[in-house]
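A.B. asks: Modelling step: build the complete structure from the supplied sequences, incorporating the hints.
Chains as they are written, first to last, in this note's numbering: chain H, 1 to 419; chain R, 420 to 838.
Quick caveat, the hints were computed from the structure, so don't treat them as lab data. Everything numeric in this text was worked out from a predicted model, so none of it was measured. Glycine included, C-beta positions come from ideal geometry on N, C-alpha and C. It is possible that part of the hints are untrue.
[As the list claims (entries may be wrong)] Calculated from the model, a selection of chain H residues having no Cβ within reach of chain R, i.e. all distances over 12 Å: (1) G103; (2) E108; (3) T127; (4) L132; (5) R165; (6) R209; (7) G293; (8) P303; (9) P340.
[To be verified] Quick partial rundown of chain R residues pointing at chain H, CB under 8 Å, derived from the structure: (10) L481; (11) G484; (12) A513; (13) E517; (14) F677; (15) V720; (16) F723; (17) A724; (18) I760; (19) R770; (20) T772.
Number of protein chains: 2
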Amino acid sequence: MTGVDLLVIGIGELATLRTGPIPRVGSAASELGRVQNAALAVRNGVFASVGPERLVRRSVHLRKGGTEVDAGGGVVVPGFVDAHTHVLYAGDRANELEEKIRGATYLEIAAAGGGLYRTVRLTRRATKPQLLRETVPRLRRMLEAGTTTAEVKSGYALTHAGEIRLLESIPLLAERAGLDLVPTYLGAHAVPPERATTPDRYVDEVVERTIPEVARRGLAQFVDVFCEPGFFTPSQSERILRAAMAAHLGTKIHADEFVYSGGAALAAHLATHSAEHLLTAPADDRAKLARAGVTAVLLPVTPFASMSPLQSPGREMVDAGVPVALGSDVSPNSPVESMPIVMAHAVYSARLTPAEALTAATVNAAHAVGAADRAGTIAAGRSADFVLFDLPSADRIAHRIGSLPVAIYRRGNRVSPTK
Amino acid sequence: MTGVDLLVIGIGELATLRTGPIPRVGSAASELGRVQNAALAVRNGVFASVGPERLVRRSVHLRKGGTEVDAGGGVVVPGFVDAHTHVLYAGDRANELEEKIRGATYLEIAAAGGGLYRTVRLTRRATKPQLLRETVPRLRRMLEAGTTTAEVKSGYALTHAGEIRLLESIPLLAERAGLDLVPTYLGAHAVPPERATTPDRYVDEVVERTIPEVARRGLAQFVDVFCEPGFFTPSQSERILRAAMAAHLGTKIHADEFVYSGGAALAAHLATHSAEHLLTAPADDRAKLARAGVTAVLLPVTPFASMSPLQSPGREMVDAGVPVALGSDVSPNSPVESMPIVMAHAVYSARLTPAEALTAATVNAAHAVGAADRAGTIAAGRSADFVLFDLPSADRIAHRIGSLPVAIYRRGNRVSPTK
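C.D. replies: The following block contains the structure:
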């Protein structure tokens with residue numbers, strides 16, 4: 001009998017997401033590792049026992065001062081993993097919404113010096129305390145919607161020192177907001193305005209100076225690049241990604257979001273860890289991603305928030321055999337912080353099944369951010385990050401539009417609402 | 420100095436929505452009746468004083484046992500009014516989601532005996548306690564997202580006695596859930612299966628028997644009809660709406676949702692109180708609605724939840740001069756209960772500005788359900804229904820996708836979360 005600090009009983013359905021070592025949406029999602037009439041026990045922040053309630057009860061006892069919680073027949077799933085965010089920035093761009101309503105596109109707004117470039121200006125000039133003050137509440141709202149692990153990209157400084165400063169602040173953000181954060185260096189988010197006529201000089205800096213420092217100091221797990229006309233070409237992108245690989249950093253690519261430019265094919269060619277957005281990637285390139293084992297990180301709220309007619313290719317990727325993960329893409333352009341809302345868009349817009357959406361928001365997203373050893377599944381020995389919903393089954397999280405958790409636990413502690 | 424029970428100070432922005440007697444989105448929405456650095460005071464469940472904090476403070480004092488709340492610089496808006504719901508039903512249709520993902524349309528699912536007809540079967544056979552038990556939690560979740568007044572349609576019984584039973588249960592629902600509910604008789608939601616070959620016989624029953632009883636017993640404020648090929652023809656719809664008018668009931672029409680059949684034109688011709696959905700209504704018919712003063716009740720989540728390529732004509736209606744109101748259309752087909760989510764869809768899909776979306780979800784929706792005398796605006800003498808958000812301005816409610824209230828008050832009492 002193991003002594004435990006937390007015992008959650010009365011779980012109508014526990015979705016462990018222990019669905020095999022290779023996360024492949026479509027093949028593995030239907031089962032979700034479901035356990036009915038389940039319980040879980042936590043010791044020192046780690047799952048100690050998980051399974052049918054009568055078995056868990058037989059294997060543990062509550063330590064003195066421990067807590068027993070009745071889930072009331074609700075659903076427990078792993079804490080969500082948000083595989084793609086631009087949450088670290090200063091200022092906002094609510095003012096651009098009316099331009100979007102009148103039909104301006106993301107690329108048009110950016111070309112006019114707004115959009116991303118506006119956020120770059122505001123982020124460059126923000127003090128570190130200001131950056132933290134603005135970003136922590138966003139992360140807290142993500143957490144309160146059930147996200148316990150999130151990727152965080154740099155990318156709104158676009159200078160060596162500025163990008164390093166952003167990456168340095170990510171551990172502080174994690175500590176203050178109370179989530180696990182996976183840092184990604186996205187110096188190649190856009191060509192900095194002062195390098196508009198000499199973009200290769202900026203690529204030189206990224207490749208020769210920043211990536212080596214990021215790797216040496218362990219400031220990021222991944223390097224990402226925005227491969228799109230007007231941003232970085234496939235050959236510039238390849239140069240950056242190869243430098244990242246040489247530095248033993250993981251690789252991601254913003255590919256084929258607005259216009260088809262071969263980003264997904266490049267991802268497959270290089271066998272990057274993941275490729276993201278992929279709205280315009282054709283069937284041939286989906287097949288290449290599948291063969292190369294690249295995870296597709298889909299961001300189904302982004303075309304909605306951008307008022308784009310495109311939709312995330314959820315069904316298409318699953319049918320092509322590509323592992324699919326989900327992210328919010330939270331950014332000044334996409335003000336969504338809730339993974340349950342992202343999951344609903346994955347269903348109603350990208351046509352994943354609810355079970356596929358849940359898989360994509362947990363175990364697959366954990367793989368996509370290199371955190372599958374600690375996040376995305378519920379199993380003895382894993383960090384006790386889980387979310388309780390008052391729903392009749394785990395499939396209903398994405399079926400209902402905007403499901404709200406009843407309770408979120410991180411490392412076995414209940415996350416207290418900030419309000 | 421009036422003695423008050425509740426004083427809310429520190430409101431960064433109060434949007435009173437006192438934007439004139441005729442709510443017209445577009446003309447009136449930009450201002451929202453904004454007051455900066457505001458306060459409000461409540462006495463006996465009614466706003467006693469509303470305005471700049473220093474003026475409110477000067478005009479009231481807190482009664483013994485009264486409560487002072489600091490809004491912390493947040494935003495206060497009227498409790499939302501959800502102008503169109505099918506929230507009263509038994510069972511659910513989560514099982515149909517995978518059919519929709521594979522491309523089945525609402526009309527195809529209904530034609531195969533699923534969809535609405537499945538809910539009719541389950542609702543007919545449900546006991547009244549079961550109906551209440553299933554519906555109250557939905558209404559509570561609506562309330563917890565900020566909705567304090569909602570229209571509720573009958574329509575899942577399709578028999579005289581069954582529809583009467585549904586309408587009779589609405590006051591009980593209101594009492595148990597703690598919202599103000601406006602009942603609408605939608606016996607003409609679909610032709611009942613047992614009348615498939617004799618639809619006019621059902622129209623006879625609606626017109627000759629049920630509408631008179633509904634009117635005599637005060638069971639509904641409105642009569643609604645689903646005018647769509649396969650449901651009710653424009654001439655059947657006209658017959659029903661004229662009967663409603665003769666019985667001094669308000670009139671609504673589900674018009675031009677899937678296929679253009681002239682429902683909006685009929686609404687304009689009859690000058691119904693409102694016309695709803697309107698996804699396929701052409702510009703000519705929008706102009707007719709404007710001239711007739713018919714309010715367009717738009718349901719922007721519905722095409723999303725139906726996986727339809729159509730979008731609610733928000734911008735088009737406003738530009739045509741039609742007053743626009745919003746509803747969730749919560750139903751087994753459209754599992755959304757949050758008006759902030761509806762408002763975000765109104766912006767990102769239907770292209771209303773955030774201020775227009777807020778107007779459409781408050782004062783205009785109150786007009787659409789005949790409740791403008793008591794809901795939708797914040798003013799002395801009105802029921803003290805209001806919502807507090809931790810946002811820098813009222814426009815941000817719809818800008819952020821899935822804004823969550825910090826607190827909801829109904830009749831001056833804070834709504835306590837059920838969890």
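A.B. asks: Going through the numbered hints above, which ones does this structure break? Give me the numbers in ascending order.
C.D. replies: 1, 8, 9, 10, 11, 14
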